[in-house]
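Enquirer: Residue numbers (full-length UniProt numbering), protein chains in the order written: chain A, 1 to 695; chain B, 1 to 115.
What the hints contain is simulated information worked out from the structure, not anything from laboratory work. Each residue gets a CB set at the ideal place from its N, CA and C atoms; glycine is no exception. Some clues are possibly wrong.
[Stated by the list, open to error] Take a look, some chain A residues computed to stay more than 12 Å from chain B by CB distance:
1. K321
2. L392
3. P475
4. F479
5. V569
6. N614
7. F618
8. V643
[Said to hold, decoys possible] Which chain A residues face chain B? A few, computed with CB under 8 Å, are given here:
9. L591
10. G595
11. L608
12. I635
13. V638
14. L640
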Amino acid sequence: MAGGLARFLVLILAAAICGAASVSQPISDSHRSAALDVFAPVDGSYKSLEEAYEALKTLEILGIDKKSDLSSATCENVVKVLASPSSSTLKDVFYVLSVNGILKCKSGEDVPKDIVSKLQTGVKDAKLLLDFYYSVRGLVLVKEQFSGTDISLGDAEAVFRSIKALSQSDGKWRYSPNNPESSTFAAGLAFETLAGVISLAPSEIDHSLIQTLKTGITKLFDSIQKYDDGTFYFDESEGPISTTASVIRGLKSFAASESTGLNLPGDKIVGLAKFFLGVGIPGDAKDFFNQIDALACLEDNRFSVPLILSLPSTVISLTKKEPLKVKVSTVFGSKAPALSVKLAQALSSGSKGSSVINNQELKFDAESATYFLESFPKNFDVGKYTFVFEILLDESTNEKVYITEAQTKVPISATGAITIENAEIAVLDSDVGSVESQKKLDLTKDEAVSLSANHLQKLRLSLQLTTPLGHVFKPHQAFLKLKHESLVEHIFLVKTSGKKSELVLDFLGLVEKLYYLSGKYEIQLTIGDASMENSLLSNIGHIELDLPERPEKAARPPLQPTDPYSRYVPKAEISHIFRVPEKLPAKQLSLVFLGLIVLPFIGFLIGLTRLGVNIKSFPSSVGAATSALLFHGGIGAVLLLYVLFWVKAIGSVHDSKGTVFAGSVSVVRRTQNTVSPCSSIEQAEICLKDIYSSL
Amino acid sequence: MVKSTSKDAQDLFRSLHSAYSATPTNLKIIDLYVVFAVFTALIQVAYMALVGSFPFNSFLSGVLSCVGTAVLAVCLRIQVNKENKEFKDLAPERAFADFVLCNLVLHLVIINFLG
Chain A
1 MAGGLARFLV
11 LILAAAICGA
21 ASVSQPISDS
31 HRSAALDVFA
41 PVDGSYKSLE
51 EAYEALKTLE
61 ILGIDKKSDL
71 SSATCENVVK
81 VLASPSSSTL
91 KDVFYVLSVN
101 GILKCKSGED
111 VPKDIVSKLQ
121 TGVKDAKLLL
131 DFYYSVRGLV
141 LVKEQFSGTD
151 ISLGDAEAVF
161 RSIKALSQSD
171 GKWRYSPNNP
181 ESSTFAAGLA
191 FETLAGVISL
201 APSEIDHSLI
211 QTLKTGITKL
221 FDSIQKYDDG
231 TFYFDESEGP
241 ISTTASVIRG
251 LKSFAASEST
261 GLNLPGDKIV
271 GLAKFFLGVG
281 IPGDAKDFFN
291 QIDALACLED
301 NRFSVPLILS
311 LPSTVISLTK
321 KEPLKVKVST
331 VFGSKAPALS
341 VKLAQALSSG
351 SKGSSVINNQ
361 ELKFDAESAT
371 YFLESFPKNF
381 DVGKYTFVFE
391 ILLDESTNEK
401 VYITEAQTKV
411 PISATGAITI
421 ENAEIAVLDS
431 DVGSVESQKK
441 LDLTKDEAVS
451 LSANHLQKLR
461 LSLQLTTPLG
471 HVFKPHQAFL
481 KLKHESLVEH
491 IFLVKTSGKK
501 SELVLDFLGL
511 VEKLYYLSGK
521 YEIQLTIGDA
531 SMENSLLSNI
541 GHIELDLPER
551 PEKAARPPLQ
561 PTDPYSRYVP
571 KAEISHIFRV
581 PEKLPAKQLS
591 LVFLGLIVLP
601 FIGFLIGLTR
611 LGVNIKSFPS
621 SVGAATSALL
631 FHGGIGAVLL
641 LYVLFWVKAI
651 GSVHDSKGTV
661 FAGSVSVVRR
671 TQNTVSPCSS
681 IEQAEICLKD
691 IYSSL
Chain B
1 MVKSTSKDAQ
11 DLFRSLHSAY
21 SATPTNLKII
31 DLYVVFAVFT
41 ALIQVAYMAL
51 VGSFPFNSFL
61 SGVLSCVGTA
71 VLAVCLRIQV
81 NKENKEFKDL
91 APERAFADFV
101 LCNLVLHLVI
111 INFLG
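Based on the provided sequences and hints, a complete structural model is requested.
Expert: Next up, the structure:
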């Protein structure tokens, strides 16, 4: 249900896009290649007999021979069911017979009697429309395929009446006598069934019954739905494609069995054909089968065969001067009978109602089976047109009745080369309007122009676009793009009015839009249109803009997307600022004062001698001497410790063994310079490196 | 007037000198040591004035070493001086030992602060 609804919505969308004028294309090779994809069997066989029948029938109609791959597995199934039909349902028997009709697994003279009896019992006992359908159609298929006995329905009229009892006054049919639900799809099934009854009847059925059926068909056509472009279809809960296909199948089989003609409105037949062609290439297997089957019924039927007008190309190029080609064919692309095509009108989309071409007959090329219009009148300009074609069938008698649309409307686009003249770019002083600098533009050359302007001036771009016939051309797209060095872009529209296209940029008003970014802007001009064969995108040049400073509250320009790889490039070099080492005094000065410091000590010693200090009395007895030695030794050791600490041989160097002097001499030498604790980082590195390497 | 003042100054110095000569030798040694320490300090201050106070901790440790040792020497002099009634019972060796010990502690701190 949801699938049907979705399909319906897609159709509505497709129709809405197409609009009032559309071109149908007949079934082509693209359909055939798509069919191979859609009907590809899973693991060499189909899921059900119904699917197998649909696939095989579609491939048969399209003329694709794939039977060899599928026949073995499917035929096995068919033969199995035909052998013992009692275990299968009527539906299975019907589809088995249908598949057999295509693959011809079992044929010949011997009629499978159990099948016939099953079907005949089915007809007698049937109450529901589907039961009637399967059993009656099954008997028809048996009659076609097996040429043995003559099968006929016992009481054909009674069967006819009981089926007819399911009909309704509005043309729709019910599925069962108890259920009031009716549908158009059921109507199609009913027509097929009744056609089968008529063909199997041993004697003619009462004409009045058939006449009521015909009125019922006419009533059914009252409920047909249409789109604006002349497409007709039936819609029910099964979906428009299935419903319409069912009705068409029913009508075809009815017309085939009925000796008197069936009067169906011709425009509706063409509309139904257009509906199925408008579906395009369906992706669903059931839709594909319904589309192809219905079109096959329309192609070859007893009431009227629709002819389709199609154009391989709907674009006329005035520069190439190629003729406009038109093809008329059946829905499957087969040859149409003798007819003539006339271009009744060519309505321009701009001027309302007036036609450029009137009643021009198209010439016929027998080789390619196309009609073509060679020359166009002098006043045929570029732009969009709606061509109205009329087809006139030749009076000579045809075997079949052909029907076409009264008028086919086709949207045509005429393209040509647009001349661009007097292209100029100028910088104007705002108030006075006087031109400061003006340059002629040659739009074939890039980067030729270099201008400069400040925020008090204006930039003017003007050019003239004319069609091949000399009329003013208003392009669909005319832009001027200003791109700043920081990749910020601004786009302005070039408006066409009167004789020329012009753009004036007043920088005073645009300062805020340009985010106050001064600098070099690249100028790029784009002119394009569907009718323009020489659309252009040219880099005109540069303009140096001098804009005032950005105030605090002004908007910042948006961030431009950065190169994603810039995350992994080396980062900017950091320049460390080291503390400038303090100025140390000159070495000589320090040495001088070192000497000066020693002087008081010498003075002290001299003073001591002057005072007559007795330094000779070192005790001679052992005890006293030892204690004296220890005393002086102890003090000396402590002082030595202080000295060693001061020269950093021990103490602040944590890993050192205090008694290791080797190597520490070099340490001492190098550390003499570092008088302060706040030494430079490099010296600290050197110091630590040496210490660790020396240990 | 000048002559009288200069004569007075001379007389002052002479009396001072003669009085000083009477002091015992050990006290004179101590005095000499104090003078030596003060002079060393003064020279260090003069050097600092010349080249600037960077690195300041070194200057401080140098000057305070001299000043500290001078102070300790003065304390020693007070304790050793026989005329000082307060420290009559203190043996001069003990005072000297204190002096030495305090000096060692002072210089431990000084050496650490020297940088």
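Enquirer: It remains to establish, for every hint, whether it holds in the given structure.
Expert: The hints, checked one at a time:
1. K321: Answer for A:K321: holds, closest chain B Cβ roughly 97 Å.
2. L392: Its Cβ never comes within 12 Å of chain B, the nearest being 116 Å, so this holds.
3. P475: About 80 Å separates A:P475 from the closest Cβ of chain B, which puts it past 12 Å; holds.
4. F479: Its Cβ never comes within 12 Å of chain B, the nearest being 70 Å, so this holds.
5. V569: 44 Å, holds
6. N614: About 9 Å separates A:N614 from the closest Cβ of chain B, which leaves it inside 12 Å; violated.
7. F618: 16 Å, holds
8. V643: A:V643 not clear of chain B: closest Cβ-Cβ about 8 Å, inside 12 Å.
9. L591: 11 Å, violated
10. G595: 10 Å, violated
11. L608: Where the cut-off is 8 Å and the nearest Cβ of chain B is about 6 Å from A:L608, the hint holds.
12. I635: 6 Å, holds
13. V638: 5 Å, holds
14. L640: At 11 Å from the nearest chain B Cβ, A:L640 fails the 8 Å test, so the hint is violated.
In this structure, the earlier hints numbered 6, 8, 9, 10 and 14 are contradicted, and the remaining ones agree with it.
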